[in-house]
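Peer 1: Construct the entire structure; sequences and hints are all you get.
Protein sequences appear in the order of chains C and S. Quick note on numbering: our numbering labels position 186 of the first sequence as 951, and the sequence is numbered without any gaps. Quick note on numbering: our numbering labels position 189 of the second sequence as 200, and the sequence is numbered without any gaps.
Take these hints with a grain of salt, some might be off.
Result set (EDC-like, lysine to aspartate or glutamate): computed pairs, CA atoms no more than 20 Å apart in a straight line [to be verified]:
hint : chain 1 : residue 1 : chain 2 : residue 2
1    : S       : K230      : S       : D187
2    : S       : K190      : C       : D925
3    : S       : K97       : C       : D824
4    : S       : K245      : C       : D925
5    : C       : K877      : C       : E954
With the Cβ distance kept under 8 Å, some of the chain S side facing chain C (calculated, not the full set) [claimed, not checked]:
hint : residue
6    : R41
7    : S90
8    : A96
9    : Q238
10   : F239
11   : R320
12   : T372
13   : Q373
Distance ranges between label pairs, derived from CB positions [what the hints assert, rightly or not]:
hint : chain 1 : residue 1 : chain 2 : residue 2 : range
14   : C       : W892      : S       : R132      : 47 to 55 Å
15   : C       : I926      : S       : R132      : 51 to 59 Å
16   : C       : I1053     : S       : W40       : 30 to 38 Å
17   : C       : W892      : S       : A250      : 26 to 34 Å
18   : C       : P866      : S       : A358      : 55 to 63 Å
The hints are simulated quantities; they were obtained by calculation from the structure and are not laboratory data. Glycine included, each C-beta is placed from N, C-alpha and C at the ideal position.
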Amino acid sequence: MTPANPIAPAAEATPPKPRRWVGPWALLGPSGLWLLLLLVLPVLVIFELSLVPGIRPGDLVNPSGIDNYLLVFQPVYLQVIGRTLSYAIGTTIICLLLGFPVAYWLALMSPKRWQNLLLVAFTLPLWTSSLLRSYAWITILRPTGVLNSLLGAIGLPGLDILNQTPAVLLGMAYSFLPYMVLILYSSLEKLDRRLLEAAADLGATPIEAFWKVTVPQSLQGIAAGSLLVAITSLGDFVNPELLGGASSMTASRLIYNQFLGATQNWGFGSALSMLMILAVSLGIALLIRYGDGRPAA
Amino acid sequence: MAAAAFSRRDFLRRTSIAAAGLAMTGCGWRLAQVRPSPGSVGDRTKLYIYTWAGYTDEELISRFQQATGLSVVVDIFDSNEVMLAKLQAGGGSQYSIIYPSDYMVRQMRERGLLRELDRDRLLGLKDLLEPYQNPSYDPNNVHSVPASWGTTGLIYNRRRVPEPPKDWGFLWDNRDRLKRQVTLFNDQRETMGLALRRLGYSYNSQDPEQIRQAYEALKELRPAIAQFTTDGWKDRMVAGDLSIAMGYSADAIEAIEENDQLGYTIPASGSSLWTDTMAVPISAPNLEAAYAWINFTLQPEVAAGMTARLKFATANQRAIDLLPPDLAQNPSLFPSQAILDRCEGIAPVGAATPLYDRYWTQLTSG
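Peer 2: Structure, rendered in structure tokens:
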């Protein structure tokens, strides 16, 4: 453009450009580089490995097909994925059922001056390692553990749920409940109470008001909280591993076995990882689109 | 307008194309390849060791420091595969000494990951027990020095089982009354191996039909299995919550010390015999310190002290001679030759590896 039009003053067209460029680059550069090096590149490498059938460490990386992905569709692996999904869905439902009343009470009924303290108290369990929390559940749930001593002391029969699905769901729900409560709290806090009063004036029972006013207004919070809990549950490794029984293999454990187990099939492990990343990305995309309170544009 | 569009979509597009290019131009690269070190010396005053939990203690390290002036940094791994993965991810240039087990020595040796040891610099190899002079996983100990050995067997609680188990078959015979009271290893080769052995086959069978039968046998046993765990059974066994746990002899001896109702059996039809060794990664720094450590632990007094304190069997005959009789004659620690003859070391199974993994996934997800 410039050589073709020598009359146009070059000094006028160029100066603003650098300034417009420098700002975004200086602000986004460091974190962009960080993301590129530690997220984008590794994911691309995993993707490349997932296209090499049965690659083990020391082998030549030579992408040649989607065999690893086809392997995933064998019944035995579908069963593992099914269990992982059912754990995630179960955990989400339990967290929602337990978390909603708590968040409701915190947001609308608890004394205002205690609210912040109560919120902090509710997130306290997150300050310890998830491993420790799972070990604590073993101590509580084992046949001669805390729970059964208590039940025995008041004359009730013992509960034997350790190493079974209920124990896994209990551990996972306990781990992820604070996330659900925090998100529901921030959603319920914004609830327009005048609508509740109006509903009462117009003759709605408290139950009707709850279903027709409170729930619709907090739907976004419910969706965001549920998605966040479900996404986190999908990748949980510790709870199924420590609290589960003989048949508790989940996708995380299956991936772990491919990389650090005896088979060392990094290709299949990478394919499983890619599918996991895809599933989680899909969840996050849904969260961004529907979870922030604005209707889809 | 144009600038705004660039800021997101275009930036993402351009960077991802660039990144994809970077990753793909690497065609022909080798996954997790380890190259010999260019003779890096590292910190001459420090020795970095990568080992199993329970193989070192304060006393051992401070005595080594007094003897050599070298300070020791110990990192812990919980499986051979984790150790291998860390070395392949570049950790090999950090550690001077690692403790791979028998089958892993073979695997690492075959992949050129271990440094050949200079026998002239090793003192005390001649004191090793006869079977450890020329082990099958590493003929003539060219790449490794045996550090400890033991068996895998059954730990049982006398109060909870009608009679002490004598063989693997006990689990199947009593599976109805042992409902969720048994733990087996979270290790496909050990657990599939015990089922193979119970059926009269080898721990290292590569026959698809035999492996399938072992899987079917374990599937039958599943109602009795509380969990697959290699070392998560200890607390619960000591507390009396489990009836039987599969365990390493060294862990069994520790658990029995805490609860005298517990006992340990090496199953009569034989079990797996394991050896943990000391080896030097091909990319290791500070070889001087590595040799100093191996020679230090080969001294009979040091080896005997380790066995007495840490409860794992030494392969050093002169060290065994120094042990108090209650340890030297402890059949859990040093089983009779008749029992050892029926045991087998776990070796790589080559092309049958994916088959083991498949059945294992089926077993643990069914």
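Peer 1: Determine whether the Cβ-Cβ distance between C:W892 and S:A250 falls within the hinted range of 26 to 34 Å.
Peer 2: About 28 Å separates the Cβ atoms of C:W892 and S:A250, which means 26 to 34 Å holds.
Peer 1: Can you tell me whether the CB distance of C:I926 to S:R132 sits inside 51 to 59 Å?
Peer 2: With Cβ atoms ~57 Å apart, the hint holds.
Peer 1: Using Cβ atoms only, decide whether S:Q373 comes closer than 8 Å to chain C, and label the hint accordingly.
Peer 2: 5 Å, holds
Peer 1: With the threshold set at 20 Å, check whether the alpha-carbon distance from S:K245 to C:D925 stays at or below it.
Peer 2: Holds - the C-alpha atoms of C:D925 and S:K245 are around 19 Å apart, at most 20 Å.
Peer 1: Within 30 to 38 Å: is that where the Cβ-Cβ distance between C:I1053 and S:W40 falls?
Peer 2: Given a distance of about 35 Å, which is inside 30 to 38 Å, the answer is holds.
Peer 1: For the hint on S:S90, just tell me whether its beta-carbon gets within less than 8 Å of chain C.
Peer 2: Given a least distance of 7 Å, the restraint on S:S90 holds.
Peer 1: Closer than 8 Å between Cβ atoms is the bar; does S:R41 clear it against chain C? Give me holds or violated.
Peer 2: Holds - the Cβ of S:R41 comes within 8 Å of chain C, reaching about 6 Å at its closest.
Peer 1: Sort out whether S:D187 lies within 20 Å of S:K230, counting only the CA atoms.
Peer 2: 14 Å, holds
Peer 1: Tell me if the straight-line CA distance from C:K877 to C:E954 falls inside 20 Å.
Peer 2: Since the Cα atoms of C:K877 and C:E954 sit roughly 11 Å apart, the hinted pair holds (cutoff 20 Å).
Peer 1: Holds or violated: are the alpha carbons of S:K190 and C:D925 at most 20 Å from each other?
Peer 2: 11 Å, holds
Peer 1: Take the C-beta atom of C:P866 and the C-beta atom of S:A358, compute their distance, and say whether it sits inside 55 to 63 Å.
Peer 2: 58 Å, holds
Peer 1: Range hint 47 to 55 Å: satisfied by the CB atoms of C:W892 and S:R132?
Peer 2: Roughly 50 Å apart at Cβ, these two residues keep to the hinted range, so it holds.
Consistency with the previously given hints fails for number 11 only.
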